[in-house]
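There are 2 protein chains.
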Amino acid sequence: MFLNQLIISAAKHKKIVLIGAGNVGTRLGIALKNAGHEILQVYSRTKKSASQLAKIIESAFTNDIEQLSALADIYIIAIKDDEIKNIAAKINIKEKIIVHTSGTLDMSVLKNTSKNIGVFYPLQTLTKNVDTDFKNIPICVEASNKASEKTLIELAKSISENTVPINSKKRKTIHLAAVFANNFSNHMYAIAEIILRKEKLPLTILNPLIEETAAKIKKGSPLKIQTGPAIRGDKKIINEHIDLLSDNKDIQKIYKLITKSIAENKIKE
Amino acid sequence: MFLNQLIISAAKHKKIVLIGAGNVGTRLGIALKNAGHEILQVYSRTKKSASQLAKIIESAFTNDIEQLSALADIYIIAIKDDEIKNIAAKINIKEKIIVHTSGTLDMSVLKNTSKNIGVFYPLQTLTKNVDTDFKNIPICVEASNKASEKTLIELAKSISENTVPINSKKRKTIHLAAVFANNFSNHMYAIAEIILRKEKLPLTILNPLIEETAAKIKKGSPLKIQTGPAIRGDKKIINEHIDLLSDNKDIQKIYKLITKSIAENKIKE
Chain E
659 MFLNQLIISA
669 AKHKKIVLIG
679 AGNVGTRLGI
689 ALKNAGHEIL
699 QVYSRTKKSA
709 SQLAKIIESA
719 FTNDIEQLSA
729 LADIYIIAIK
739 DDEIKNIAAK
749 INIKEKIIVH
759 TSGTLDMSVL
769 KNTSKNIGVF
779 YPLQTLTKNV
789 DTDFKNIPIC
799 VEASNKASEK
809 TLIELAKSIS
819 ENTVPINSKK
829 RKTIHLAAVF
839 ANNFSNHMYA
849 IAEIILRKEK
859 LPLTILNPLI
869 EETAAKIKKG
879 SPLKIQTGPA
889 IRGDKKIINE
899 HIDLLSDNKD
909 IQKIYKLITK
919 SIAENKIKE
Chain G
659 MFLNQLIISA
669 AKHKKIVLIG
679 AGNVGTRLGI
689 ALKNAGHEIL
699 QVYSRTKKSA
709 SQLAKIIESA
719 FTNDIEQLSA
729 LADIYIIAIK
739 DDEIKNIAAK
749 INIKEKIIVH
759 TSGTLDMSVL
769 KNTSKNIGVF
779 YPLQTLTKNV
789 DTDFKNIPIC
799 VEASNKASEK
809 TLIELAKSIS
819 ENTVPINSKK
829 RKTIHLAAVF
839 ANNFSNHMYA
849 IAEIILRKEK
859 LPLTILNPLI
869 EETAAKIKKG
879 SPLKIQTGPA
889 IRGDKKIINE
899 HIDLLSDNKD
909 IQKIYKLITK
919 SIAENKIKE
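Respectively, the protein sequence lines represent chains E and G.
In terms of my numbering, the first sequence opens at residue 659 and continues consecutively.
In terms of my numbering, the second sequence opens at residue 659 and continues consecutively.
What you were told as hints is all true, and nothing was included just to trick you.
One copy or two, either will do: identical chains are not told apart, so a pair holds if it fits within one copy or between any two.
Keeping only pairs whose Cα atoms sit at most 20 Å apart, straight-line, the calculated PhoX-like set for lysine-lysine is:
| id | residue 1 | residue 2 |
| --- | --- | --- |
| 1 | Lys-882 | Lys-856 |
| 2 | Lys-918 | Lys-907 |
| 3 | Lys-691 | Lys-670 |
| 4 | Lys-804 | Lys-670 |
| 5 | Lys-877 | Lys-924 |
| 6 | Lys-858 | Lys-827 |
| 7 | Lys-876 | Lys-858 |
| 8 | Lys-874 | Lys-786 |
| 9 | Lys-738 | Lys-893 |
Quick caveat, the hints were computed from the structure, so don't treat them as lab data.
Chain E on its own, in the form it takes in the complex (with noise of 0.2 Å):
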């Protein structure tokens, strides 16, 4: 029985060649490592990225792709999207399992270079710098076929709690709404910081509200919980806001967008 669990544990642990050694590559490579995984190669464009990651998960580096490993059972491209396509060019490696982990690109980017590719794509902001739990991100896996599948959820099983299958279409959807809820939501917390910053006010005065933004969505749909002037329709301080931002067009212009949208979509009770 014990011997059972180590041939199994055994095989659920991969060799994998990481392409790539920037935000992705360097929170998915230490998170893989810690879970038992063998990291056989770093590849980055520059030495410098390349031997940084390889040190600290214990594997080789190269800067040539040429010189990529041919003894992996996985390959996680972790690389701007705009260069997937030109470095997939340069790789063939038959029968072994090749991903990307863009949001956005299709998987078949991937086609010529293998028979067995496909998507690994965490559903988080990941900064090289800063730890990240991985138990909690959603991993979206798609493949080219069942078996490859079944692999790739298994190494996405081993670093989180919530993996899903997600076909192309869906996960472009996914991309699209992350763009929102992360990149958009952050820009408004940039605007206040330069609407703030006009009367020498810290952001950090805003903290405690912007946590209990983020956490009252547990609460409901956050269609249902929109507070303040635009779902109230109270005009009197909507003009007296645009008429505090008449010297930022950009951003009065954003105000009025948004403050519409809100009263909009706003769901009757």
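Since the structure of chain E is already known, use the hints to place chain G on it.
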């Protein structure tokens, strides 16, 4: 020494009348009661909501503004902005301190109610039925004279460690910034939900991302930590997103405008 402390403590505990039993009135009433203050009376337009809150905080209640108790030290108006002027016209409490809790209204809206007027603005999104810890909530205090300011700051400090004297101009700026950081970022979550719904995907898949986005502002200015296609200038993905939104022109317009604003506010490293 012990007796001294008791006397000081007794002096700090105020008799309070709450005018309004909505989201702010309820949460503030409970916080003040828990801090040891005595809520003499709750006023609300309807007997039902007045009595509901009165029961929780063990106070008297009325729905007749003519029957407002004259015995309190501090009167707190926590009703809708556009009703404050009307209510204020019916109140005359001479020397007592009276405040409103609005983020945008001038303190002067209270000028005929008393010699001692002020503002007591808790910078948080409050909901009647959601328990709130006031400890970290900034409370913005303003008063018409030093003695009232001292009393109000003491009152604020009895429930929050984050009390700030803020004049009306600064408070209005904070409120405008809060609309972006709270209402507008919540609307970004709402749009994400609308987008996901088309593919029958639940918003919960974005929960870890939304939490991390809010948590990240503690690590640096949102202008500096921005990620995504807009800040990278990734036109291919941006155009694909615009296409995906072609069945919802309003959301498409918001996507274009915020993408432009992110690009224009890019901070060069």
